[in-house]
Amino acid sequence: MKLKHMLLAAAASVAFTGPVISEDLPECENCADELTVVSWGGAYQASQVNAYSNPYAEMTGTKFIYDESSNEAVAKLRAMNEAGNITWDLVDVEGPDAVRLCDEGLAMEVDIDEILAPASDGTPASEDFGESLISPCFIPQIVFSTTFGYRTDVEAWNGAVPTSVCDIFDLEKFPGKRALEKRPKKNIEWALLCDGVAKADLYDVMETDEGIDQALAKLGTIKDETIWWSAGADTPQLLADGEIVMGSTYNGRLFSVIEEQNQPVAMLWDYQVFDFDGWIIPAGLPEERLNRVKNFLYFATDTQRLADQAKYISYGPARASSAPLVGKHAELGIEMGPHMPTDPANMGNIIVNNIDWWSSYSDDVDAKFQAWLAK
Amino acid sequence: MSSTTTTQTGLPSDGVMRAADGTPLKRSLARALRREKLRSFLLILPLLAFITITFIAPIADMLFRSVENGMVEETIPRTVEALKSWDATSGELPDEAVFEAFHADFVEAFKNKTHTRLGLRLNYEQPGMSGLFRKSGRRATNLEPPYKEGFIDIDEDWGALETWQVIKRASPPLTDGYFLAAVDAERTADGIQMKPEKERIYLFLFWRTLFLSIVITLSCLVLGYPIAYLLANLPLRTSNVLMILVLLPFWTSLLVRTSAWKVLLQQQGVINDTLVWIGLIDDAHRLTMINNQTGTIIAMTHILLPFMILPLFSVMKTISPSYVRAAKSLGANDWTAFWRVYFPQSVPGIGAGAILVFILAIGYYITPELVGGTSGIFISNRIAYHISTSLNWGLAAALGAILLGLVMLLFYVYDRIVGIDNVKLG
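Chains as they are written, first to last, in the numbering used here: chain C, 1 to 375; chain L, 376 to 801.
Read the hints as simulated data drawn from the structure, not as lab findings. Where a beta carbon is used, it is the ideal one built from N, C-alpha and C, also for glycine. Be careful, since some hints might not be right.
[Unchecked claim] Some chain C residues close to chain L (C-beta under 10 Å, calculated; not the full set): (1) GLU27; (2) ARG100; (3) ASP213; (4) ILE227; (5) LYS375.
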């Protein structure tokens, strides 16, 4: 009898030491019981499950179905839309994809202040999210960046350490293979910056044929020493295997190589490229499902929840008011602040992904880039 | 018995042969045949319906996308009409009437949120159009006459001759633009021209896809033939065990096999490590065997090998050993007996295996994507890119159609040279 009581008490205490639930979540009226969420899988999706959907499911009993299709979300949503059968309720996409989906009319336009919670001091959501509101369809979650990692044990470097993004192009001082993404975006910007183009003139130069030629010529100086990646997991793997000495990838991936797997790798934050990732709601959802999505979003994008996500992965919350609440990693116990791309110490030089420019020119530049790569 | 009242002695007076019930035999026979045909048709109907719905219709739909272009006319019908009277080569901007029609179209498109879609469509023809349409958005709908100045005020690109040339060129409901792009050509103000050298990529990739597929098919043949021969000529017990070795990788996930090759072939990988260890190469000059054509050829040869071995094996199984024995007893040496007697009998298997491997190889994309680097990728990698990333389905469809046409052409050539009835799966 005693044992049974103890067990019950223990179970109860576990149940109540969970995250403190937001008190003012509005009641969900006429809402579906299920929510199909599309995300990226892996550690990123796990951070969303831990920070958003588990607490929400506990409160409301909503059943979550995760679909790991974010990678091809745009194409799939378009196909669903043509077939007239949208099976997704909420889709996690990168900023450029959100702009694209909005342009195609596949994502729903939302009034941020109407559907999202204000910050605790009453700042309206649209102000709190600020710059990250890149499209009328986009509900931001995180800031992530594409940056470089390098091995710290390369003998041929004689103790030198890369400190500038231009060291990527310096084969004499830093010999060895590099990894860059098999896309023009970001590579073109870095190449031009390191070829003497001022940051302010970057996109004006890129708009000209000569600008792209100049960038490709600069990239050409390291072409033979470069492995071109297409999946974000490639660079961390190549770094860990010693196949490359430095390479670009997403900062969260590098965090996991450095802190979780303890590999001899370090970050180079110089000229990291900022991007946003967030939710879009597919256009044309039936009312019941839409109500559930809105109710969940109100909860999942509030100040505390966004800060909670940073406990599980090193991406910065998109809300300004969440930044001071970012604490320690849930398992490793290290302070997450310095690992955020948005930490002032990491923001010496940055580029913010110019979605407008790339949405107009990516087809053209990509054709040139791929032709250059293939030959 | 009572029904046997028909003529038993020669033809009736009218010269028509009749069946038991009195109908002319010809008609009754035709009816029976028709019934037979209908019955067999009904039997295959489910399969036919299935293939039509899941295979033929989607492919036809996808192929149609390569020329389909109804969207421009649907979105801005008045402008398309008004532009008909404008001479694109005149060197002058369209007049106010066109801008007025465009404004009316734009207001409606903005309401339906289709203006940005149109921008994306036109962006395939001219980079910058999608940004122009998105940016103009609400401001363009609030314009007052004169519209021409109004639009140019929003963005000077509305005053560029090129913008209107592109819209006029993209107006017809059918377009050859995607097919032109798929062969590195484009339609300019002076007619169809090849793109600048440094933007050409597709013809080159088609050529490389064909070349690598042929190399892969030949490597499969060279490696697969002896194995199939061995399998076909060993005692059943041993050959069954060996057969499992052939089939086991066949049943393993494609991704697992491809990743395994990465581990083996990379510069810090198993093969390089071994070679360095036994001193064949020194540490500074490790071989580059992956992220290039070599990687693609090795990994795809391995992955497609069973498709060569299995047809070869089943054909070789039917070749009676007595022929070779007879040849030898008549004085042929081993090589002559093999080359003159055994090999010709195995040709149908080679044909089947080669076609299978070649056609599978030509459309492969996962393995080249993972191990091909930049010099080992196929045309299908670009098709996949246009389907899922750039969303230019029209171009993807055109590339796919060309690839399909190419395969059919090669199939035809193959039929003329080797003969398709010379292909056997067993």
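Violated hints - listed by number, lowest first: Per hint list: single violation, 1.
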